[in-house]
Amino acid sequence: MALIAGGIGVPHTPYFPKFAADQGPDGEINRYFGMARAALETQAPDVIILIDTDHFNTFYFDCFPTFGVGIDDTFLGPVDDVALMPPRDFISDRALAAHLFRGLVHEGFDAAHVTHYQVGHSIGVPLYFLTPGYDVPVIPIFLNGHLPPMPSSKRSLAFGEALGAAIRAWEQDIRVTVIGTGSFSLDVAGPLMDPGENFGVPDLEWAKRVTALMRSGDVGTLCDEATEPRMLAAGNVGGEVLNWIAMLGAVGPGQADWIELQEIRGHAFAAWIGDQA
Amino acid sequence: MALIAGGIGVPHTPYFPKFAADQGPDGEINRYFGMARAALETQAPDVIILIDTDHFNTFYFDCFPTFGVGIDDTFLGPVDDVALMPPRDFISDRALAAHLFRGLVHEGFDAAHVTHYQVGHSIGVPLYFLTPGYDVPVIPIFLNGHLPPMPSSKRSLAFGEALGAAIRAWEQDIRVTVIGTGSFSLDVAGPLMDPGENFGVPDLEWAKRVTALMRSGDVGTLCDEATEPRMLAAGNVGGEVLNWIAMLGAVGPGQADWIELQEIRGHAFAAWIGDQA
Amino acid sequence: MSIYAVNRMCHQLMHDKNWRWAMQTDPERAVSSLDLTGEERDAILSGDVGALFLMGANAFLLGYLTRFNVLGLTLPVYNERMRAVLGKPART
Amino acid sequence: MSIYAVNRMCHQLMHDKNWRWAMQTDPERAVSSLDLTGEERDAILSGDVGALFLMGANAFLLGYLTRFNVLGLTLPVYNERMRAVLGKPART
Ligand SMILES: [Fe+3]
Ligand SMILES: [Fe+3]
Chain A
2 MALIAGGIGV
12 PHTPYFPKFA
22 ADQGPDGEIN
32 RYFGMARAAL
42 ETQAPDVIIL
52 IDTDHFNTFY
62 FDCFPTFGVG
72 IDDTFLGPVD
82 DVALMPPRDF
92 ISDRALAAHL
102 FRGLVHEGFD
112 AAHVTHYQVG
122 HSIGVPLYFL
132 TPGYDVPVIP
142 IFLNGHLPPM
152 PSSKRSLAFG
162 EALGAAIRAW
172 EQDIRVTVIG
182 TGSFSLDVAG
192 PLMDPGENFG
202 VPDLEWAKRV
212 TALMRSGDVG
222 TLCDEATEPR
232 MLAAGNVGGE
242 VLNWIAMLGA
252 VGPGQADWIE
262 LQEIRGHAFA
272 AWIGDQA
Chain B
2 MALIAGGIGV
12 PHTPYFPKFA
22 ADQGPDGEIN
32 RYFGMARAAL
42 ETQAPDVIIL
52 IDTDHFNTFY
62 FDCFPTFGVG
72 IDDTFLGPVD
82 DVALMPPRDF
92 ISDRALAAHL
102 FRGLVHEGFD
112 AAHVTHYQVG
122 HSIGVPLYFL
132 TPGYDVPVIP
142 IFLNGHLPPM
152 PSSKRSLAFG
162 EALGAAIRAW
172 EQDIRVTVIG
182 TGSFSLDVAG
192 PLMDPGENFG
202 VPDLEWAKRV
212 TALMRSGDVG
222 TLCDEATEPR
232 MLAAGNVGGE
242 VLNWIAMLGA
252 VGPGQADWIE
262 LQEIRGHAFA
272 AWIGDQA
Chain C
7 MSIYAVNRMC
17 HQLMHDKNWR
27 WAMQTDPERA
37 VSSLDLTGEE
47 RDAILSGDVG
57 ALFLMGANAF
67 LLGYLTRFNV
77 LGLTLPVYNE
87 RMRAVLGKPA
97 RT
Chain D
7 MSIYAVNRMC
17 HQLMHDKNWR
27 WAMQTDPERA
37 VSSLDLTGEE
47 RDAILSGDVG
57 ALFLMGANAF
67 LLGYLTRFNV
77 LGLTLPVYNE
87 RMRAVLGKPA
97 RT
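Protein chains in written order, with the numbering used here: chain A, 2 to 278; chain B, 2 to 278; chain C, 7 to 98; chain D, 7 to 98.
Possibly wrong hints are sitting among the right ones.
Below, simulated DSS-like cross-link-like pairs (lysine-lysine); rule was C-alpha separation at most 25 Å, straight line [stated by the list, open to error]:
1. B/Lys-209 - B/Lys-155
2. B/Lys-19 - C/Lys-23
3. A/Lys-19 - D/Lys-94
4. A/Lys-155 - B/Lys-155
5. A/Lys-155 - A/Lys-209
What the hints contain is simulated information worked out from the structure, not anything from laboratory work.
All chains should be built: construct the whole structure from the sequences, respecting the hints.
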């Protein structure tokens, strides 16, 4: 049976490949992502499940799902002009993705079937830093953490729990890492931008609060406090904390192995230790 | 507050406009649809909510949702060459549809946001017969009753209940009819076709059983018996009974006012009386 | 998942009238433009809808082949070929 | 919902390089091909991203206007105009 080797949380800022190159290997971005990459390499996954919020690269308003499962052998991305990261084909695992989709729908999670799809920076950028060889198959799980109405934090946690159960019910003896990606407080190109910037961190205190609750493993309190108004007040992609909450549902409750808040961006880097073999 | 004036169940066979014209006004198709139309006219809705299964006219495998809500001022259809029914713009109600979508997601139903969309015969044909003047706004609710994994019958019922609650929570004093459309036993172009036909009714006994349980208002037993294997054994669109079950969830439990099984097609026509003003 | 291209070919018979006409008039040439395995191409050109179904193609979409009289698939022919695979194991 | 066309115009700045080029080089001509209200067209051509936001356009997508330097929307200009509408009532 499959085992969840651990959880990882990272941001996906589209400018980070360029900024990291400009900062050099000892810069802050490479340092934080290096910690996450080391955690991933310790977890040694055979497959990565990446829970992300699409920003109009996979979906459009025409059909924008609350939850979706990417089911295909490969997928192309990032298709949204990420500097230093031309689009490429990523390898995925169609059989496992189809199994996860069946498991989720059978447990009453009304996910969309997604195939023949492209992705944007929210999937590309984490993989740029975490698996630069692009050698581990990746299954994207899409969660709407951007366009209200968003799934509630409790629903996202339950979705993650069902995802975790479906992963562990997979018949192959493989190791799986679940990644949640996104910000805790971030406004992109909206009225809550900081002066002169193309983004803002409207509620740093909330980002600190989320970080503290994740550090101590108090997901229950996090779900109680992460209401839709609270998330939206933290910025127009404040709902991306739901990607982390779903990841925590899959990996299981517990303290973070480590978590580092990058204040200037309102997001964090973290790792959780998963199932013991 | 809005009131659910009643429920209607009808099929959506794409050949029926042509067959009905060939049979003439006293033919079976016009007789059954005439009964349903009379029921609808008694209910006198200001808005119709139509729960249907899309057959690749609104969605494709690329992003095929389990549940979806059509949110727009108008929509075009049918776009799949229905004889005697050229595509036209149908009027809808964007504000009410957005309200229903919010209500469903907030209650933990993970519907997809659908806009700028087209529809096929599964929405066009019922309206051809029921509202030939096309003067009542229609909000399509999409339910995957075709491609396994499908939502379970209990999940579809709960979805319908949440839909009904959202309708009744709408602030305007309007009358709403909820229509469920689809077959109970029908295989389209698959191995369970009848010899020489382009369709089959692989399990007429199941269609009779569904009809009897709906007549007596025993939705609980219907949900217990309508397992995914049972529905699929009744044909590759056997899952369309879920559209009726969701409709019953919205209208509320109770005996049908009347229900007529059309055995040769494995589907039925029916009406339920709704809320008292 | 190259059966995707088979399904899409059928889907476009409904939604792209140029494609429908191409498949009705010169299917060999039309099919050569698709990203298919040799097995899929052969099954399409021989109108072997049963084999396509067992490869994972969607029956509802395959039905468009007979609806639009592509590849000689009159209803009796389509019906017989599809019913012949009843109960045979499909690939997953 | 004609704000749909405003959002799509922004979306295509990312995904259609021909469109991006057209909007960068002759926005008046490019915009004339869209199904917009007069108010929407005027707001676009004057780079009034705050007004577009209050009409219901998506901020993430509007951001592409400054990312690709369309309509004179340098970052300082975009930032100032967008921040100016903070707290103002948006249409629903
Ligand atoms: Fe993001
Ligand atoms: Fe149908």
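Hints, verified against the model:
With a C-alpha separation of about 20 Å, the suggested pair B/Lys-209 and B/Lys-155 falls inside the 25 Å cut-off, and the hint holds. For the given pair, B/Lys-19 sits about 21 Å from C/Lys-23 by alpha-carbon distance, which is consistent with the 25 Å threshold. Of the supplied pair hints, the one linking A/Lys-19 and D/Lys-94 is violated, its CA atoms being roughly 35 Å apart against a limit of 25 Å. Proximity of A/Lys-155 to B/Lys-155 is assessed by CA-CA distance (about 21 Å); at most 25 Å being required, the pair is judged to hold.
Note on A/Lys-155 and A/Lys-209: the hinted pairing holds, with a Cα-Cα distance of about 20 Å set against a maximum of 25 Å.
Hint compliance for this structure: hint 3 alone is broken.
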